[in-house]
Amino acid sequence: MSRARLHHISLIAVPLVFAAALHAQAVPPAPAAAPDLSDPEVAHVAVTANNIDINAAKFAQTRTHNAGVKQFAATMITDHTAVNAQAAALAGKLGVTPKDNAVSQSLQTAAADARKKLEPLHGAAFDRAYMDREIAYHQAVLDAIDKVLIPTTDNAELKTLLQNVRPAVATHLELAKALRARLK
Amino acid sequence: MIGRFAIVLPLAVFAAGAGRYGPSRTHIIEIHGMAFHPASLNVSVGDTVVWINHDIVPHTATGSGRRKWDSGQLQQGDSGRYVPRRGGRLPYTCTLHPTMKGLLIIGRE
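Heads up: the protein sequence lines correspond to chains A and B, in order.
The opening position of the first sequence corresponds to residue 151 in the numbering used here, with each subsequent residue numbered one higher.
The opening position of the second sequence corresponds to residue 47 in the numbering used here, with each subsequent residue numbered one higher.
Some clues are possibly wrong.
[To be verified] Straight line, CA to CA, 35 Å or less: simulated DSBU-like cross-link-like pairs of lysine-lysine:
no.: 1; chain 1: A; residue 1: Lys220; chain 2: A; residue 2: Lys266
no.: 2; chain 1: A; residue 1: Lys220; chain 2: A; residue 2: Lys327
no.: 3; chain 1: A; residue 1: Lys220; chain 2: A; residue 2: Lys267
no.: 4; chain 1: B; residue 1: Lys147; chain 2: A; residue 2: Lys309
no.: 5; chain 1: B; residue 1: Lys114; chain 2: A; residue 2: Lys327
no.: 6; chain 1: A; residue 1: Lys334; chain 2: A; residue 2: Lys243
no.: 7; chain 1: A; residue 1: Lys208; chain 2: B; residue 2: Lys147
no.: 8; chain 1: A; residue 1: Lys208; chain 2: B; residue 2: Lys114
no.: 9; chain 1: A; residue 1: Lys267; chain 2: A; residue 2: Lys243
no.: 10; chain 1: A; residue 1: Lys334; chain 2: B; residue 2: Lys147
no.: 11; chain 1: A; residue 1: Lys309; chain 2: A; residue 2: Lys334
no.: 12; chain 1: A; residue 1: Lys297; chain 2: A; residue 2: Lys220
no.: 13; chain 1: A; residue 1: Lys249; chain 2: B; residue 2: Lys114
no.: 14; chain 1: A; residue 1: Lys220; chain 2: B; residue 2: Lys114
no.: 15; chain 1: B; residue 1: Lys114; chain 2: A; residue 2: Lys267
no.: 16; chain 1: A; residue 1: Lys297; chain 2: A; residue 2: Lys243
no.: 17; chain 1: A; residue 1: Lys297; chain 2: B; residue 2: Lys147
no.: 18; chain 1: A; residue 1: Lys208; chain 2: A; residue 2: Lys243
no.: 19; chain 1: A; residue 1: Lys249; chain 2: A; residue 2: Lys334
no.: 20; chain 1: B; residue 1: Lys114; chain 2: A; residue 2: Lys243
If you're looking for bench data, these hints aren't it; they were derived computationally from the structure.
Just so we're clear, the structure is a prediction, and the values are computed from it rather than from any experiment.
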């Protein structure tokens, strides 16, 4: 598979579902045209997506008083940091240096908007809103992995990485739903 | 890649030193796909149980019953071990991902 095809798949699916999740909306259909980003820019999008969830978790740790939410946030930091390290290793192997780009910036803007919605919340209201966001985020990522990325990726290393990440995302979603159900 | 680790053991590795109840064995539990493989394992007192993490994300193997045993965080490729000294059932979990559960059934010989 060519690099160009990898770009096309990733850039149609990943940023949109992440952005949709950050806005807690339904995942939109893929558009007819996708931005044409370079390898370094694609790598930056992947790292950004992980960093967004890490930063959300760090904020949650400063805000929540719920032991379960604190533990969940700690796991998000640990796991997404590990995934980022793996993605960085693959990028390094492929000779790619992440480069900032419009898609990454749009993800960061959406994350900032989501943060603004969380900022005024405290106590149980914060916990519910944070966990709702985490459910939407991980569901969107899981959908992207299952419906777009794994089925359409031919690159063996990328497919393996996606397949290895997939169970962790599914577990995060399961944990988030279980925790949200316990929140009052 | 990970699927190849699915054929799990126990590896009947006989240690040179015999334990109280006979030759001790080493059992391997593989962690992949956010699960312990096998999830339930019969071992004997004095055997060595080794958990190996193949997942990208870290895990623990932590006693969740009365016996408090903790492997600590196992990064990808790390292993942790435990040698049961008493018989019984030892449920354990991953503290980072509590949906992951396992069970050691520890016989006296």
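Now the hints, each set against the structure:
The hinted pair formed by Lys220 of chain A and Lys266 of chain A meets the criterion: a straight-line CA distance of about 20 Å does not exceed 35 Å. Proposed proximity of Lys220 of chain A and Lys327 of chain A is supported: the alpha carbons are some 15 Å apart, at most 35 Å. Annotation: proposed proximity of Lys220 of chain A to Lys267 of chain A holds, straight-line Cα distance about 19 Å (limit 35 Å). At most 35 Å may separate the alpha-carbon atoms for a hinted pair to count; Lys147 of chain B and Lys309 of chain A meet this at roughly 27 Å.
Pair hint Lys114 of chain B plus Lys327 of chain A holds up; C-alpha atoms about 28 Å apart against a cutoff of 35 Å. Under the criterion of a C-alpha separation no larger than 35 Å, the hint pairing Lys334 of chain A with Lys243 of chain A is inconsistent with the structure, at around 47 Å. At most 35 Å may separate the alpha-carbon atoms for a hinted pair to count; Lys208 of chain A and Lys147 of chain B meet this at roughly 27 Å. Under the criterion of a C-alpha separation no larger than 35 Å, the hint pairing Lys208 of chain A with Lys114 of chain B is consistent with the structure, at around 29 Å.
Simply put, Lys267 of chain A and Lys243 of chain A have alpha-carbon atoms about 39 Å apart, too far for the 35 Å limit, and the pair is violated. The straight-line distance between the Cα atoms of Lys334 of chain A and Lys147 of chain B is roughly 26 Å, inside the 35 Å bound, and the hint therefore holds. Restraint check for Lys309 of chain A and Lys334 of chain A: not satisfied, since their Cα atoms lie roughly 39 Å apart, outside the 35 Å limit. At roughly 31 Å between alpha-carbon atoms, Lys297 of chain A and Lys220 of chain A fall within 35 Å of each other, so this suggested pair holds.
Taking the CA atoms of Lys249 of chain A and Lys114 of chain B, the gap is near 46 Å; set against the 35 Å cutoff, the hint is violated. Distance check on the hinted pair: Lys220 of chain A and Lys114 of chain B sit about 22 Å apart at the alpha-carbon level, within 35 Å; holds. Between Lys114 of chain B and Lys267 of chain A, the direct Cα distance comes to roughly 41 Å. Violation of the 35 Å bound is thereby established for this hinted pair. Straight-line distance between C-alpha atoms of Lys297 of chain A and Lys243 of chain A comes to about 26 Å, which keeps the hinted pair within the 35 Å bound.
With a C-alpha separation of about 28 Å, the suggested pair Lys297 of chain A and Lys147 of chain B falls inside the 35 Å cut-off, and the hint holds. This hinted pair checks out: Lys208 of chain A and Lys243 of chain A have alpha carbons roughly 29 Å apart, not beyond 35 Å. At roughly 42 Å between alpha-carbon atoms, Lys249 of chain A and Lys334 of chain A are farther apart than 35 Å, so this suggested pair is violated. Distance restraint check for Lys114 of chain B and Lys243 of chain A: the Cα-Cα separation of roughly 41 Å exceeds the 35 Å cut-off, and the hinted pair is therefore not satisfied.
The structure fails to meet hints 6, 9, 11, 13, 15, 19, 20 from the earlier list, while all remaining hints are met.
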